[in-house]
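The residues making up each chain are set out below.
Number of protein chains: 4
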Amino acid sequence: MIITETTVREQIVATADRLFYAQGYNLTGINQIVEEAGVAKASLYYHFPSKEDLCVAYLQRRAEKWSAKLQKFLTGTNDPRECIIKCFECRSEYLIENNYSGCSYIRIIAEMPQRSKKINQRAILNKEGQRRFFIEKVKELKNTSGISTVDLANIIFLLFDGSTMQSQVYRDIAPVKNAIKALKVLI
Amino acid sequence: MIITETTVREQIVATADRLFYAQGYNLTGINQIVEEAGVAKASLYYHFPSKEDLCVAYLQRRAEKWSAKLQKFLTGTNDPRECIIKCFECRSEYLIENNYSGCSYIRIIAEMPQRSKKINQRAILNKEGQRRFFIEKVKELKNTSGISTVDLANIIFLLFDGSTMQSQVYRDIAPVKNAIKALKVLI
Amino acid sequence: MIITETTVREQIVATADRLFYAQGYNLTGINQIVEEAGVAKASLYYHFPSKEDLCVAYLQRRAEKWSAKLQKFLTGTNDPRECIIKCFECRSEYLIENNYSGCSYIRIIAEMPQRSKKINQRAILNKEGQRRFFIEKVKELKNTSGISTVDLANIIFLLFDGSTMQSQVYRDIAPVKNAIKALKVLI
Amino acid sequence: MIITETTVREQIVATADRLFYAQGYNLTGINQIVEEAGVAKASLYYHFPSKEDLCVAYLQRRAEKWSAKLQKFLTGTNDPRECIIKCFECRSEYLIENNYSGCSYIRIIAEMPQRSKKINQRAILNKEGQRRFFIEKVKELKNTSGISTVDLANIIFLLFDGSTMQSQVYRDIAPVKNAIKALKVLI
DNA sequence: TATGAATGAGCATTCATTCAT
DNA sequence: AATGAATGAATGCTCATTCAT
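Residue numbers (the working numbering), protein chains in the order written: chain R, 664 to 850; chain S, 664 to 850; chain V, 664 to 850; chain F, 664 to 850.
It should be emphasised that the hints constitute simulated quantities derived from the structure, not laboratory data.
Any copy, or any two copies together, can satisfy a pair, since identical chains are not distinguished.
The calculated EDC-like cross-link candidates involving lysine to aspartate or glutamate, where the alpha carbons are at most 20 Å apart (straight line), are:
(1) K844 - D814
(2) K732 - E756
(3) K847 - D814
(4) K790 - E715
(5) K840 - E791
Produce the complete structure using the sequences and hints provided.
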């Protein structure tokens, strides 16, 4: 049955996503994942050669969830300045919805300083995707700030990561609001 | 003998500091600490009731190291604008010296989302200390940006954490340089 | 298609033979066999009800390989004394060719003390075949040693197994050479 | 209490010895050992860094048991020829007492073709000890066989290992008896 | 005949912590 | 103040086997 077939793998990723994001990667054991996913341990290892590979799938999934949410948020908005601000507002909502769990990518890197190649690749890929988004939007702006386009985008990116991280620290969206205040000065 | 007593405790904290910061808290086992510190496991538990308490000592030690470094960096500088920029330059140096290991506080929170009271307290204490530093310096500025003093300090703080974190991600100080570029526009 | 059918089975046995002999039976997993054989796990279990049955096929294959090699070695030799010595020389060559992996039968028994009936049967069958070879050759000898024919054959058989085993231990054919020296005294 | 302290380690080695020898190294799990020894798993790993190290202790123990038995067997015998024969008779008794489990060293090598350095060292050490025993005794003989002393010792050694191994295969001491028959011709 | 997917039981090893001395 | 020894629980992962198709 195709339904069942899809379900086991999907169930594993969904559970891993939930637990890794809520508890952290290292504090979440394979045991807990398979238990809560309701599958056999060997089934997990059939689909994912190692916990690390499951982590990559988790990170990918997080990126997709965020992308989908952002896309929906931006629908109908054309003004680049508005888009950038909406991106931060979207972040705010995302953080509230996800119990202030911060950025999955940044957290993985914080957890695993000597991170594996697979995970590092996936993380950099995502971060660069975010940076590209800001660069594209800034390019569309009439940039009168005297800062170069790329520099401005990078600064916005710093505010994005900084506020995401601080919102986890304080379990509050105030840092994101502060970042938006900065945006209103910068762009 | 007080000398010996101090030495063992000190040896434990120094080793824990090194390993927690380099490898991450969860990836560093008590075994490795006592082995590399050259002390008995039970000695560690004599001085620290739990790994968590050792973690608090580690965080405190990190804060002290950073403070000392910053103080030295700021010696002779009176201009608040200069002080803030120097703080970021100090960060840059700190990150290079410490193999781009980022901020110990942020990393602990990234690792342990449901963090313990002790650790949480210690982390917030440190973060608030950093924020206070920026607030004080901004107060001394002739702030003509149209943003309130506290808001401006908070934005600088966002750039501080954002650039610290991104420098760990990219293993490069470019993000700190970008933050300094932002400072030069904002203050 | 019969061709395909034979090929898959053959591929499985060939791979199992190679791995069991090189790595040992217990250290070789079904996973590795099917991977290196390039077949599905369920295909293996279609042809062999269990790992044990695959082991029996492996042992049989080893016996056939040895027999074929010995037969070629003995071609043209009629003198029974010469035949026995050639058998040891053949062993020497076999061990070198097979990276000093010893006797598959003896190793299986060393690995599985409470061996299964199937495997035991197959092993004893082979060992008795080897003993019979020596008995037949000794019968053809003008035995003037004062030892009975069967006893003499059994002693030669001891030298055969002893030297095969020791050559694995030392990864050297010296033990086989020593056995041949003994033969030259005994027969 | 010294008694308790000694007991745990001793209990572990004794159990490992019994199980490794009876069931084989690879077929005996750490779980079974700690269960039957009545100790915690972590206690085993406190005393032995790995299963491999436990294996080395097992091999050493086997050697000591055999040595002690042989020594007792040889007490009062001075004639070297008699000593060699008694060594085989001792083997016969040893095999019966130990349920025809063969030679622990040879079996370990049969199980682990790519054996570890530690285990290999220990195994070779033991085998060379056995060979030395035969060499020493043969030197004391009035050797009139026309074979060199070392060659003769090596041949006896082949008979020793061959008969030990075959007695495991057949679960019978007949092979050892055959070896003794050979001795009576050779020396 | 062949296979992709699933499984329960087991693997060797490490975890943070505690106890007796 | 310091330690060697002991522990229960959990770690990530692999085992031989089976099922549905």
